[in-house]
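> Single-letter residue listing:
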Amino acid sequence: MTVGAHIAPIARSHIENADIVFFAGHPLMEMWVTEMNSNLHSLQVFYAEGKDRRITYKEMVNAMMTEVRAGKKVVGAFYGHPGVFALPPHNVIKIAKKEGYAAHMVPGISAEDCLYADLGVDPGKVGSQHFEASQFMFYQRQVDPSAYLILWQVGIAGDKSAAKFSTGKAYRQILVELLNENYPNEHKVALYECPTVAIREPRIEWITLGDFIEAELSLITTMLIPPSQKLLKNQSIIDRLALLEKNAH
Amino acid sequence: MTAITLLEKLGADASFDPSLLSAQDKETLEDIISKANTFNAIELISVPDEKESEEKEPEEEKEPEEKQS
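If you read the protein sequences in the order shown, they are chains A and B.
Using the working numbering, read the first sequence as starting at 2 and increasing by one per residue.
Using the working numbering, read the second sequence as starting at 342 and increasing by one per residue.
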């Protein structure tokens, strides 16, 4: 998300009026948010390579809840939309509510929103499916190849440990083979990263699916896979609907 | 204007033309951008075994009671 651009007025107001702000995001954004409220505590300190992120996320939630229980007005500000592909914000709100505190989420602008704008993709055109890349690999999912497929967190695709900051080519090879069930290696896919600052361009890199194995990925890379098949008519439903209209006259 | 204020203005003010930035401002911005560390944006976990997954919702923690026959 981009410094200065991607924040809702209500989110900014909550940050400015909080007793304490917990922040998870880019260091430049952290500096930006610190200008809104100087009592900012970074949640990035809880991450560590080799450390199970389940522990990291619990520590984030505990840090926020400690201040809530102390009677403070607490804001958790997260990169993108706090409720999209983000576990700690959902968990902390559930726990706070369970303990009787008022808590709610304010929507933000996610990588998905930026992707649609920067790539000129409308998810309503043929439909859109979103999966976390590792979950897509671990579970048997039904892919509709006539819709867009968007894979999140591809930089750590296949990480069973929940402790890696990246996974390698062997992992991506397996992901590509899984995708080959619906998309040939020559199929064009886009690697996307939203710019953090307005003087940078978004990363929009069109490559073949086969080249994904060798691609450079970061922790904010999202992969867009356009449809490989055309929409197929559901003729029996169309006929039934036509019959309804005919009988109505 | 501080570097972060400049970046905020660049992101929020559509009438603010980046080409009008002074050489010193550009240098300041490039400096702050280059010095910014990478960060971890991974905020979701998927594990292969559902039982290993993240803490369940409070409502889901309780096992459903067996129906009395």
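Please keep in mind that the hints were generated in silico from the structure rather than gathered at the bench.
For each residue, glycine too, the CB sits at the ideal point set by N, CA and C.
Errors might be hidden in some of the hints.
[As the list claims (entries may be wrong)] Sample of chain A residues at the chain B side, in silico, Cβ under 7 Å:
(1) Gln143
(2) Lys161
(3) Leu218
(4) Ile221
> Given Leu218/A as an interface hint, is the shortest Cβ-Cβ distance to chain B below 7 Å?
Cβ of Leu218/A sits 12 Å from chain B, so the hint is violated.
> Does Lys161/A hold up as a contact with chain B if the rule is Cβ-Cβ below 7 Å?
Lys161/A check passes; min Cβ-Cβ to chain B is 6 Å, inside 7 Å.
> Please verify that hint: Gln143/A, Cβ, nearest Cβ of chain B, below 7 Å or not.
17 Å, violated
> Go through the hint on Ile221/A and say holds or violated, using the shortest Cβ distance to chain B against 7 Å.
With a minimum Cβ separation of about 5 Å from chain B (threshold 7 Å), the hint on Ile221/A holds.
Of the hints listed earlier, those the structure fails to meet are numbers 1 and 3, in rising order.
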